[in-house]
Each structure stands twice: as C-alpha cells, then as structure tokens.
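Given the sequences, and given the hints that come with them, work out the whole structure.
In order, the protein sequence lines correspond to chains A and B.
Sequence positions in the first sequence follow the working numbering and run 1 to 368.
Sequence positions in the second sequence follow the working numbering and run 1001 to 1520.
Worth flagging that the hints you see were computed from the coordinates, not collected in a lab.
There's no promise every hint is true.
[Claimed, not checked] Derived DSS-like pairs: lysine-lysine, alpha-carbon spacing no greater than 30 Å straight-line: (1) B:K1187 x A:K210; (2) B:K1481 x A:K6; (3) A:K209 x B:K1504; (4) A:K67 x A:K4; (5) B:K1187 x A:K212; (6) B:K1198 x B:K1187; (7) B:K1481 x A:K215.
[Unchecked claim] Computed Cβ-Cβ distance ranges for the label pairs, DEER-style: (8) A:A160 x B:P1488: 30 to 36 Å; (9) B:A1403 x A:I175: 54 to 60 Å; (10) A:S258 x B:G1387: 40 to 46 Å; (11) B:S1342 x A:S258: 17 to 23 Å; (12) A:A160 x B:T1337: 24 to 30 Å.
[To be verified] Footprint (simulated), chain A over chain B, 3 or more residues, beta carbon under 8 Å: (13) 1329-1336; (14) 1433-1444; (15) 1458-1467; (16) 1471-1484.
Ideal placement from N, C-alpha and C gives every residue a C-beta, glycine not left out.
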Amino acid sequence: MVDKGKISAMQLAFLLYLAITSTAVLIAPAITGGIAEQDMWLAPIWGSIAGFLTVFIAYRLNTIYPKQTIIQYSEKIIGRIPGKLIGLLFLFYYLHLNALSLREYGDFVVGNFLPETPMFVVLGTMVFVCAAAVRGGIEVMARTATIFIPLIFFLFLFIAIMLIPDLEPKHMLPIMENGIGPSLTGGFLASSWFMQFFLLSFFLPTLGKKQKGLKWGMLSVIATMLTFFLANLISLFIFGDITSTFNFPVMSAVRYISMADFLQHVEAIVMAIWVTGTFVKIAVFHYVLVIGTAQWFKLSDYRQLVFPLGFLLIIMAIWSAPNLQKVAHVLGTTWPFYDVLVHVLIPTLLLVAVWLRGKANGKNARKK
Amino acid sequence: MMWRIRRKKDKKKKQSALKQSKQEQDPLYTHITENENQFRQIYEDCSDVILHPFSIGGKHQALLIYIDGLSNTEEIDDSVLSPLMTATVNDGEQQVSTLIKNTVAVSDTKEVHTFSDCIQAISTGKPVILADNSQTGFSLGLSKWEKRSVESPEAEKVVRGPREGFVETLTVNTSMLRRKIRSPKLKMQSMEIGRYTKTNVMITYVDGLVDKTLVEEVLNRLNRIDIDGVLESGVIEEFIEDDPHSPFPQTLATERPDIVTSNLLDGRVAILIDGTPFSLIVPTTLYSLLQAGEDYYRRYLMATAIRWLRYLFLVISLLLPSLYVAVLTYHQEMLPTSLLISMAAAREQIPFPALVEVLMMEITFEALREAGVRLPNQVGSAVSIVGALVIGEAAVSAGIVSAPMVIVVAITGIASFTIPRYSAATAIRMLRFPMILLAGTLGLLGIMLGIIMIVVHLATLRSFGVPYLSPMAPMQFNEMKDTLVRAPWWKLNKRPRLTGESNKYRQSSGQKPSPIRGKE
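Here it is as structure tokens:
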C-alpha cells in the first residue's frame, strides 16, 4: 500500500459523489440535451445503469484482490507485460480525463469571471491546491470532502428552490416523441460520467470496513443520478430545446435567480462554491494518477510524484484541446467509447479472465 | 526514523548535562563541617540562602539551610529550632536522626541523602536540617512565599459561572482541581522541566476516563524537552505540538479550573505548569477552540444561538475584508444597484485601489490593537479609542479611505473578538492577510482557493492523534449535538468518542425533566 491512510465507506461515497457530479452538472445537460432533446431528463437514468455495473465490477475485482488496485492486479491476472500495458493505458486515461476536467474548469472561470487572467494562472493555482491535498493523502482528501459536501448540497438545493418560479414543465412534452432511441443515446453519453465510478477500484483498498463499500458505492451512484437528473430537468424546464446551445446551462440558469431585487447576480457565489466541487474532482483524479504511477513503478512513496505530475497535468490541459467547444465535442462524440473501453470492457475482461482461471484451477484441483 | 535520531541526540545531550552536576549527585558527608563547607561552596555568592549552624540539646552539631523569603521563618523558629535546641539528649545510643524526627513538629518531613536532594528541597522553599555524624538530612515542608490571590481570570470572563482562575502557584492550581474532582481517580504526575528553572510540571488526568496511550504520549513528548527554562505554557506548547508550523494552536490554553475539569472528565489530559496561570489541554480540536465555558451554563437554546453567531463571525473575521476587495474589484454586479451607487460615490475620491485601501486599514487596525494591549491601563483605552476614532474619521474626511471601508474594518475587528480563544483568534487574524491578497488577485475564486487551502491544512492537522476537524470530518453524527448545536445537558449522554472511548457514558439516559401535571 502506497498510502497508509484509512477512510470510511461513507467518506468514499462523498468523495466519489463530489468528484463526478461537479463537472457532470456543469456541462452534461448541454451534451445530453444536444441528442436527447426534450427527453434529456431520461438520460441520467439510463446512464446510471453503467454506474451500477462499474461499481459492481470494481467491487468484485476488489474482493478477489482486496489490497490492490487495478494497476497491480492486472499484472497478476494477465501477466507482467500486458498488465503493465493496461496500467499504462489507465494512467494515460486518467491524466487525459483530468486534464480535460481541468480545462473545462479553466475555460469556465476565464470565460465567465476572470476574462483577463491568463489560463496558466487559473489552472496553476487550482492544481497547486489539489496537489497540496493529494500530498496530505487519502484521509485529508476525505475529510476535506466531508467538510465541503454540505456546502455543495445546500448550494444545489438553493439553486433548485430559487429557480422554481422560472420553470416551465411543458418543455418536456412530448415525451419520447421519436421513440426511446434519442434518450438512450443521451444516456450513453451520460454514462461516461457514471463509468467514472470505476475510481472505486482505487479507493476500496483504503477502506476500513470493506463490506460497506458496495452499499455506499451504489448509494453514491443513486445520489449522482438524482443530482444529474435534477440538473437536466432544471435546464430543460428553463431553456427547453435551446439547452444544448449553452456551454454551461445550469450556470446560465442561475442568472435567472432574482429575489426581492436584492438576491440577484449570485452566479459569482455559485461559481465560488462550485470550485470546491471541481477541487475535489481534480484532486481525486490526480490522486488516482499519482498513486497509480507509484504502483506502476513499484515505488514505496508517492509524495515526490505529486507536483511533477501536477505540472504535467497543467500542460496536458492546455495542449489537449484548443478551446472548450472542442472539449465538449470530444466528450459528446468519441469519449464515451474511450470510457467504455477503459472502465467497462477491460475490467470485465479481467474479471472474466479471473473467473475462467478459477474454473480451470478448480478443474485441475478436482483432477488431482 | 527522524524521530529516533532526534531522540538519540536528546539522550546524549541530557547525559552531558548530567555529567556537569555529577558532584551534586554525591551522598552527604558524615561530618557536619564537611557538609557545611560543601554547601557554602555551592551557595557561594547567594546571599539569600541562610545557613544557620546550631546545636541540638547543646550536644549535637546541626545545620539548618533555607532560602530567605521562600520559607515560613516563624514556623521554623517555633516548631523546628526551639524544640530541637531545648531537647534533652540522653547519653544513650539514640540516633540523632530519630531524635530530629521525634522532636520536629512538622507534618511534611522527608529524609534526604544526597546534595542534589537537598538543593532541590531548599530551592522549593523547604528548609533542610543536617546533623553531625549522620548521612541523613531532613527536608521540612515549610515553604511559604508571596502568592497572588485567586482572582477572576482576566482573559476569559464569564457572566455566569465560577469566577476563580488559576494563579501562578502550581499547588494552588492543583488544589482547585482537587476541590472540583473529589475522587482519588484524579491523578497528577509531576515532572521537572528546565535545566536551570527546574519548573514543576503536572500532568493531570482522570484514571479510567483517559486513554492510557494518550498519557504515555504526553509524558514522552514532555520528557524529550531539554531547555534552560520554562517560563510559560507557551514554551511547552511549541515543543509538544504535532505540527509546529501551523498557525492554528493544537493545544487549548486556559486559566479556568472549570474548563480544565470538564475537559478532564471528557478524557483529555491537562498539563499544569508552575509559574503561570495558563494550563494546556490536549488533545484539542478546532471546535473546542470555538467554545466558551459559559456555553454549558447558559440555557441551551441561547447557547446554540450564540454558538452559531460565533461561527458566523469567525467566517466574517476571516473573509469580510477580502470579500470587500473581491466584490469591488471583480464582481460589482453582485451588489444591488442602489448599494453599488452609494459605494461608488463613497469611493469616488479615494486614490487607492480597494486592495491597497484594505491592507492599509487592516494593518493600522492591527497596530492599534497591539498598541492598546501594551499600554498601561490609564492611557490604553483612551489612546486606542481616540486613535481609532481620529484615524478613522480623519482618514475618511481627508479622502484617503472610504467610509464603507472603515465599517468593514470595524466589523472585522469586532468579529475577531467573538472567538473565545485568543490563540485561535490570532490565527484567524493572521490568515486574513493572505486572503486579502488572494482576493485582490483572483477575486472570489482566489478567496475560495484560499478557503480550500485552509480546509486542506486543517484536515491534515492532528492534535495528539485526534483529527483537528473532528467531529465534522471524520464525521461523527453523535457528537454534532455538542458542536453544531449545544444539546441540553440531559441529552449529552456520551463522551467524545476520540478521547472518551474507554468509558462511553457520562450520565444515565432518560433524565429529561418531566414534572407532575394536573394539580390545579
């Protein structure tokens, strides 16, 4: 074990929930809305199936190798070289994914609030804070997430309640005008967020009580699904068909909040609190990258890797996409396939391999 | 690993310190003259040490040593000197030591055998008697010196609650604790710290409530200390903290016996130090630094409300100036139009950007506060009030700072006074300045990053193994009722989990009062 910290299953659920919803709520309504249109509210429900599946796969693999992450057990299952290759793919994937999230955050901040601040500064400060948390280890991240989760929860509740006067439920009609197809395609796009629950595989070894991992993992998927569903519903009720034309529909919806001529233009506060969610997301993925890299190289300590990999992350975020539109385009077209490959296909194949080997071993044992 | 190396070094240092005083470890000589010479050599140029040779019953030579002003001279004369000098000495084989033991009318009489024992006794105000032809001396518990009387604590005032505070004398302080916890389970282990001051330090805990490993850890950390002198608990605090570079205090310093008592009953350990009214309580958490002792004596609804007010003002004292900067520099649209117009009008004449204005005023305010603390009472309050008024008023009318800015600084100042623990309040005061700079460079985003950084730091902190942010993170729902709110006493059945694990329940449940009704 590279990090000796221990967290509880509930803290793990908080971490995953924050890590996944913070960007999902921000840009997913636009992406799913582009395809599913007025059925976009169904997309998270279909997508969550992938979430339950990945949590289950991650949990099953963990019960077989309770103290290891996929970087380590892939070598044991399919041999050293192929295992290392899979590990490398995972590490690259997490670097890439985190770089895109970071880029989304940077574009969001620069585009909406700090137009004259250089991108590098915005990304650099965030990565620095995340790196500080990652250096502290899993316990520190879990505690930080525990402190922030009420903040995010009340923020979301606040947005939802404040927007009630502006909601137009008739936007969701007609339901399933073109059959179930569009919503399923939207669900497939949404599932790329739910598949990120495979992160569980990296955190299950740190749990004090393993049995609760599955339960809290599933609860976390449900909570994410509900949040995601609510975000899509609110965007749909406010903007209707034009949801997909916004970069950040929920944030645009927040601009509608106005109470008694006093409480208005709260988007800066909403952004500020949202930053905590983004922080958890980037920190969690960075942690996974750093821990994974340490395990891939079989290092005994991961702390030296935190800042160099953080620097790599900033560069990757700046180079990986020319602008936000490209990021959204990638996320809406090819990314889900990438996700399915890394988060579902490979783990499932690994699980099948273990199962087949177990059967073979069983037969051998019986023969003997 | 580092720890071990350091410990080895410590051992070496201590050994060399011991070597120097090797001769003091020697046992007493048999002949009184030799002893007297040795003591005269040790106490050379110490004119306050009195060596008084006399004879017991006119036969045995004896020597009395004490320090003028540390011992009760009247008692020495009445119950030691006069009985001994008038004692009738039989010519038989009666030992001098038994004679002294039987004649001296002092309850706390102890045998001493070495020079260092004698020196220690003498320096704590206990007179030492040595007799000829005897290698045994006696230390007499007759210490008496000027003490400050027990007064209400200066730094922690209450409206309702006990008004006594600790004083500089350790024995008085321990007696106050003993009076509050009248159980032999209250343990006090004493040790000496300081090569020269030899300060008496008392580790206090309630046996059966405290985690034994915690006591051991405290003893270990205290044992490692090897310094010249301990003048205040702050010195010890810096040696035993988990993270010495953190701005946040990881021990709770208090001069109130009732706070120490309630913490002892929660399974914590208190460190009492001679010479200072401040005792240290470990482990401590951020929330215990935000609680006043009075919270537990007030009606619980009020106590809860006050607690929330305190949390709110904690945030204000940390963030208000930086929010002002961020909103005025980056997010003007957040202000309602009418407020924005009046703010803009007030700031029209100001030559500085908001960031400079805030920094200027905040630094001035901190300087005023610091000056107010040091000034003598008669001028202190007048100067600080007048200074603040004149500077605030004149600066506004001269157009150097805006009036809203003065309000912001004033509210921030008041907010920082609502934090009950001075050391926690200073931490927040200090962190305010980096927050202002962050707000000036990155606006609300900068403030948020600063907050995240602070929370990450707080999450890393531990005080004697207890996470600093508990019970919020790691979350313990059961203890929320003494952090988020102050539940009524009859609901606070369990001790805090992290310190009171060994004895979970502090009272029996179901004690909610239910008066008999229906007797109109």
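query: Counting residues of the region 1471-1484 of chain B that have a beta-carbon nearer than 8 Å to any beta-carbon of chain A, does the count reach 3?
result: This one holds; 4 residues, not fewer than the three required, reach chain A with a Cβ under 8 Å.
>> Holds or violated: K1198 of chain B and K1187 of chain B, Cα atoms, limit 30 Å.
In response: holds (21 Å)
Holds or violated: the region 1433-1444 of chain B covered by chain A, criterion of 3 or more residues with Cβ-Cβ distance under 8 Å?
holds (count 3)
Quiz item: At the C-beta level, are S258 of chain A and G1387 of chain B separated by a distance inside 40 to 46 Å?
Solution: With Cβ atoms ~44 Å apart, the hint holds.
If you check the beta carbons of S1342 of chain B and S258 of chain A, does the distance land in 17 to 23 Å? Since the Cβ atoms of S1342 of chain B and S258 of chain A sit about 21 Å apart, the hinted range of 17 to 23 Å holds.
Checklist entry - How does the Cβ-Cβ distance of A1403 of chain B and I175 of chain A compare with 54 to 60 Å: does it lie in that range? => result The hinted range 54 to 60 Å holds for A1403 of chain B and I175 of chain A, with Cβ atoms some 58 Å apart.
Check the hint pairing K67 of chain A with K4 of chain A against an upper bound of 30 Å on the C-alpha distance. holds (11 Å)
**Prompt:** Honestly, do A160 of chain A and P1488 of chain B meet the 30 to 36 Å range at C-beta?
**Reply:** At roughly 34 Å between Cβ atoms, P1488 of chain B and A160 of chain A fall inside 30 to 36 Å, so the hint holds.
- prompt: Under the criterion that the straight-line Cα-Cα distance not exceed 30 Å, is the pair K1187 of chain B, K212 of chain A satisfied?
  reply: violated (41 Å)
Does K6 of chain A lie within 30 Å of K1481 of chain B when you go C-alpha to C-alpha?
It holds: about 25 Å lies between the C-alpha atoms, which stays within 30 Å.
Is the straight-line distance between the alpha-carbon of K209 of chain A and that of K1504 of chain B 30 Å or less?
holds (22 Å)
Point to revise | Given pair status - K210 of chain A, K1187 of chain B, alpha carbons within 30 Å | key: violated (40 Å)
Hint check: violations occur at hints 1, 5; the rest are consistent with the structure.
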